[in-house]
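**Q** All letters in the sequence shown, in the order written, are residues 1 to 251 by the numbering used here.
No wet-lab data here; the hints were simulated from the structure. Hints are not guaranteed to be accurate.
[Claimed, not checked] Restraint ranges, calculated between C-beta atoms of paired labels, are given here:
no.: 1; residue 1: 114; residue 2: 207; range: 35 to 43 Å
no.: 2; residue 1: 114; residue 2: 205; range: 40 to 48 Å
no.: 3; residue 1: 239; residue 2: 208; range: 15 to 23 Å
Ideal Cβ positions, reconstructed from N, Cα and C, are used throughout, including at glycine.
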Amino acid sequence: MSKSILHKEKKKLDHLKKYYSQEVEKLDLIFYIAIIFHSLSLMFQFTLIQSDDAYLKQVGLMAIAQAVLSFMGISFTALLVTTGFLNVRNEIIEKRKIESSRIITGSSYNLVGEDLPWLVAGIFAQIGLYIIFGSVPGSQIEVLQSYGFYPLLLAFNAGISEELFFSLFLSSVILSLGKSKTHLFVSALFISGSFMLLHLVVYGSDRNALFFVLLLRVIYFLIYYKTRRISIPIFLHCLNNILFINMMLFS
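Hey, can you work out the whole structure from these sequences and the hints?
**A** So, in structure tokens, the structure goes:
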């Protein structure tokens with residue numbers, strides 16, 4: 001191999017290392033910022049969204065919902081100091097390495113690429129749920145109207161923090177335990193059921209609303225399973241929250 005070829009290969013490698021280190025730093029920064037958003041979201045969910053549903057309190061389901069919310073915060077914090085964070089981080093880094101090598105070799109690449117159909121499918125699936133259910137799931141509209149900044153917090157903060165927990169953390173950990181179709185089905189059922197329990201503090205015993213969020217979580221779970229891109233379910237979740245809030249406030 002000639003010196004000129006070796007020099008070019010060395011430049012490519014140096015560029016790859018530089019790009020790789022920058023991407024790791026960006027990833028870590030985004031992750032730590034997300035922790036702050038997640039903590040704020042938990043505080044506001046505890047203080048501003050308190051259901052007075054007597055039936056749920058009577059049968060003890062409200063306590064379960066609060067327990068799920070507490071577990072969400074505790075486990076996500078524990079993720080920082082366990083191999084769970086390292087495994088997820090390394091998985092993303094490996095994908096970034098492949099993407100950076102494509103850039104260096106001149107291959108075409110964009111942020112969504114081959115996963116664009118899943119993003120579009122997720123948008124239409126959400127629209128389909130609204131059409132099927134015929135109305136926006138019931139919630140505490142008074143809360144949204146009483147706190148000027150809370151709708152914005154709910155739209156983005158809840159969407160980001162919930163996807164970081166249910167998709168990036170919980171789905172990644174559970175899916176790593178098996179690859180069979182049965183395991184996939186049980187995982188989807190468990191994660192979606194946990195997501196539904198969390199929303200008992202919002203919707204109370206409104207079965208229509210709870211089934212709505214259950215199906216939403218199934219959609220987000222399948223999209224993350226197929227793409228392994230956390231950005232897509234986060235975008236879809238925030239988009240759904242924005243539509244949901246606007247339909248409540250202006251209906």
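**Q** The structure should be examined with respect to each hint, and the outcome stated for every one.
**A** Quick rundown of the hints versus the structure:
1. Distance hint for residue 114 and residue 207: a CB-CB separation of about 38 Å, consistent with the stated range 35 to 43 Å.
2. The hinted window of 40 to 48 Å between residue 114 and residue 205 holds, with their beta carbons roughly 42 Å apart.
3. Distance hint for residue 239 and residue 208: a CB-CB separation of about 21 Å, consistent with the stated range 15 to 23 Å.
In summary, this structure violates none of the numbered hints.
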